[in-house]
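Residue numbers (this note's numbering), protein chains in the order written: chain P, 1 to 591; chain B, 592 to 780.
The reader is advised that the hints may include incorrect statements.
Unchecked claim - Straight-line C-alpha distance at most 27 Å; calculated DSSO-like pairs for lysine-lysine:
| hint | chain 1 | residue 1 | chain 2 | residue 2 |
| --- | --- | --- | --- | --- |
| 1 | B | Lys761 | P | Lys342 |
| 2 | P | Lys529 | B | Lys677 |
| 3 | P | Lys476 | P | Lys516 |
| 4 | B | Lys773 | P | Lys38 |
| 5 | B | Lys723 | P | Lys562 |
No lab work stands behind these hints: they were computed from the structure.
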Amino acid sequence: MGNAAIAKGALAAGLNVISGYPGTPSSEVLETAAKTDKDIYVEWSANEKAALELAAGASYCGARSMVTMKQVGLNVASDPLMSLAYVGVKGGMIIMVADDPGPISSQTEQDTRTFAAFSKLPCFDPSSVEEAFSMVADAFELSEKYHTPVIFRPTTRVCHGYASIDIPDKEEWFVNKPTGFERDPSRWVIFPRLSYKAHTEIEKRNRMLSQEGCKGNCILKGSRKGIASHGISAAYVHEVLEGLDDKPSFFKVSMPFPFPEKTALEFLSCVDEVLCIEELDPVIEKELTYVCGKYHLDVKIRGKLTDDIHPAGENDPTYVRDAVQGFVSGVCPEREETVTPKLPARPPVLCAGCPHRASFYAVKMAMRNMKAVFCGDIGCYTLGNAQPLDMVDTCLCMGAGVNIAQGIGKIEPDTYCFAFVGDSTFFASAVTGVINGVYNQANMTLVVLDNSTTAMTGHQPHPGTGRTMMGDIVDKIDIEAVLHGVGVETVVTVDPFDLENAVNTVRCVAALEGVKAIIFKSPCAVIIKQGKPCTIDKDKCTECKACIKRIGCPALVISDGKVTVERSLCTGCGLCTQVCPVNAIERGAQV
Amino acid sequence: MTNILICGVGGQGIVLTSKLIAATAMEKGSPVRSAETIGMAQKGGSVTSYLRIGECSAPMFCRGEADIMIAFEPAEAVREFACLRKGGTVVLNTHAVMPVTAALTGGSYDPSVMEDFLDRADCRVISLDAEKLSAQIGSPKVMNMIMLSAAVRSGVLPFSLEDVAEVMKKTVRPQFVEMNMKALYNTVL
Ligand code: SF4
Ligand code: SF4
Chain P
1 MGNAAIAKGA LAAGLNVISG YPGTPSSEVL ETAAKTDKDI YVEWSANEKA
51 ALELAAGASY CGARSMVTMK QVGLNVASDP LMSLAYVGVK GGMIIMVADD
101 PGPISSQTEQ DTRTFAAFSK LPCFDPSSVE EAFSMVADAF ELSEKYHTPV
151 IFRPTTRVCH GYASIDIPDK EEWFVNKPTG FERDPSRWVI FPRLSYKAHT
201 EIEKRNRMLS QEGCKGNCIL KGSRKGIASH GISAAYVHEV LEGLDDKPSF
251 FKVSMPFPFP EKTALEFLSC VDEVLCIEEL DPVIEKELTY VCGKYHLDVK
301 IRGKLTDDIH PAGENDPTYV RDAVQGFVSG VCPEREETVT PKLPARPPVL
351 CAGCPHRASF YAVKMAMRNM KAVFCGDIGC YTLGNAQPLD MVDTCLCMGA
401 GVNIAQGIGK IEPDTYCFAF VGDSTFFASA VTGVINGVYN QANMTLVVLD
451 NSTTAMTGHQ PHPGTGRTMM GDIVDKIDIE AVLHGVGVET VVTVDPFDLE
501 NAVNTVRCVA ALEGVKAIIF KSPCAVIIKQ GKPCTIDKDK CTECKACIKR
551 IGCPALVISD GKVTVERSLC TGCGLCTQVC PVNAIERGAQ V
Chain B
592 MTNILICGVG GQGIVLTSKL IAATAMEKGS PVRSAETIGM AQKGGSVTSY
642 LRIGECSAPM FCRGEADIMI AFEPAEAVRE FACLRKGGTV VLNTHAVMPV
692 TAALTGGSYD PSVMEDFLDR ADCRVISLDA EKLSAQIGSP KVMNMIMLSA
742 AVRSGVLPFS LEDVAEVMKK TVRPQFVEMN MKALYNTVL
């Protein structure tokens, strides 16, 4: 897997410290590093900002460090990132940010190449698993040579692509010995004067790098038509070119920032027209247009900005093939469309036995016929938006719901404002929102869906789980105590599967003034041992289907026209037994 | 070069099958590339895995380039059908998995419509009820091995049942080896 190759590439290049916050498609880098080498320091940090700062500290001591996150995580870490670009580092430091064209599992299609240009940091963009492996070492070298953190941005298809690659034996891996922190306020303390000086030097360095380029950038000379590409799209282009007789010239950009101006000039000098095939932003396209203008070159640059390439979404091999062939031949290849029978949609839903379902249902019942708004968060519980629960009114970014609920409450004082957060996101970014609410006298109910894990991204530990990535058992950070500590007086912990109690609790707590909290505590259905499935008493069941219509558990199915329990899915959580109006569902014998 | 597409629904063992094919091909000395859409696999969504055995530079291939499609579910086979090359092979598990939302939204479908579509299409279809076959062997966990067995027997994959067995023995826990061997060798089409 690409992510594993990045981890091993980093280890082979002398990695000492790796930190990060889970996020698809980046999470396996840190996990592989932790599994492969027990001598390095590994941590899942509370959020991306914490992770980046930790890696920077280690690098100040001469350690080679890496911090991993997904693209939206970089937004959280952007404050230290922007300043660190000025201050610089000592040991090599890589900021591994996985981009997600599509987006397949993200809330934005932001391009970290653009972020690199904004922060003025060198950026590497691997196009295959093997390139990802070898490029990590180049990235560390460049980082140390220029005392700057560097950005490494693979995309989903590189992160989650597999390839057979050769990895040198552990004995041959480079070992980096940190030299320790040397006190030097003129270097490590950021001041306006220092920033001015650093800014000047950064611009000088970047201009030099744009002349130097990197080894990954390459040109294959062909006809007077040219293709410029990057990342996984470059791999797709490469394959199309192999099958063509009259091959266009090809420019692969592996270091999009600083843009390799010298190499670009060489490429532009042998073509009349260029098609830029990119994912996310038209970075190469704009740079080539700029170079053409700067040197008065009569080359036509096409791509996203000229509507030759789609503005958003992922490039798949078929799309790239058609684009290249259309560009080379001048006629768009026709696509054969097969008419298929109508296909069933398979939208993602909360798992059978998921405690979030019970929590959402309890709040829904408690707030029936009342004016209420439900602000959601990023995680499995975003799926609470699906029918029949329909319990997510807003979702912006991690932790945002807490403050959005407060904002709505300020304008609509007669509305019961709820904010749902997960246990991991509570620590990552909701705590400050709660403090804000307490301080500014907000009226809202915080609902913490505590399932003791980070389920969405693959069950990573977090501050509330009492386990660290180094395998140590540590004191759990108690969410209830944290809330009390920041001034939330009413904090009630309840088991969501005890439905009546849960509904009553929500009603009582929501009626109180100020910021108050309910913690729904029940472990994720995927990590606990499955209980005995429930059974439906066919004599009692009236086929009203209320169970299905109210909670929509995927284990409740209709078979031969009758409501039945799919025994392989049912966890025996018992929620349905509490919603059936005629008590026709019985719990399985307890184990 | 052999292009393989494996498709089905989260939880059917697609990723596992893909890994086993990759490991077997690599054991035989062939380079392998693959890519998966794992997204929300756990939650009953569609899952596809692209696998390429032989020299190539990208982990995914174009529409109409799969030599074989190993489909764990009839509707998913039709959904991914455009990937198959003309005259390609489809190994089809005829056991339908209704969407988890079917009970709620009435989104169920008739699997025979999917089978009819494949029967009329330009491809070779090898159908089996892997669900039933695995129940006969005694565990739903061997369904992927039954599918793989049928795929190997189709002759499209560049290795034999023995090659798979060798690799399987190394990766599966000892107590499951026998059951998997049964699935691999006793699958009657
Ligand atoms: S709610 Fe009870 S009576 Fe109604 S369909 Fe479900 S099991 Fe039968
Ligand atoms: S007990 Fe009821 S609600 Fe819980 S998993 Fe089983 S069918 Fe679903």
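Here is what the structure says about each hint:
1. This hinted pair does not check out: B:Lys761 and P:Lys342 have alpha carbons roughly 42 Å apart, beyond 27 Å.
2. A threshold of 27 Å between alpha carbons decides the hint, and for P:Lys529 with B:Lys677 the separation of about 46 Å lies outside it, so the pair is violated.
3. Only pairs whose Cα atoms come within 27 Å are accepted, and P:Lys476 paired with P:Lys516 is accepted, the gap being roughly 22 Å.
4. Distance check on the hinted pair: B:Lys773 and P:Lys38 sit about 39 Å apart at the alpha-carbon level, beyond 27 Å; violated.
5. The suggested pairing of B:Lys723 with P:Lys562 holds, with an alpha-carbon distance near 23 Å, which does not exceed 27 Å.
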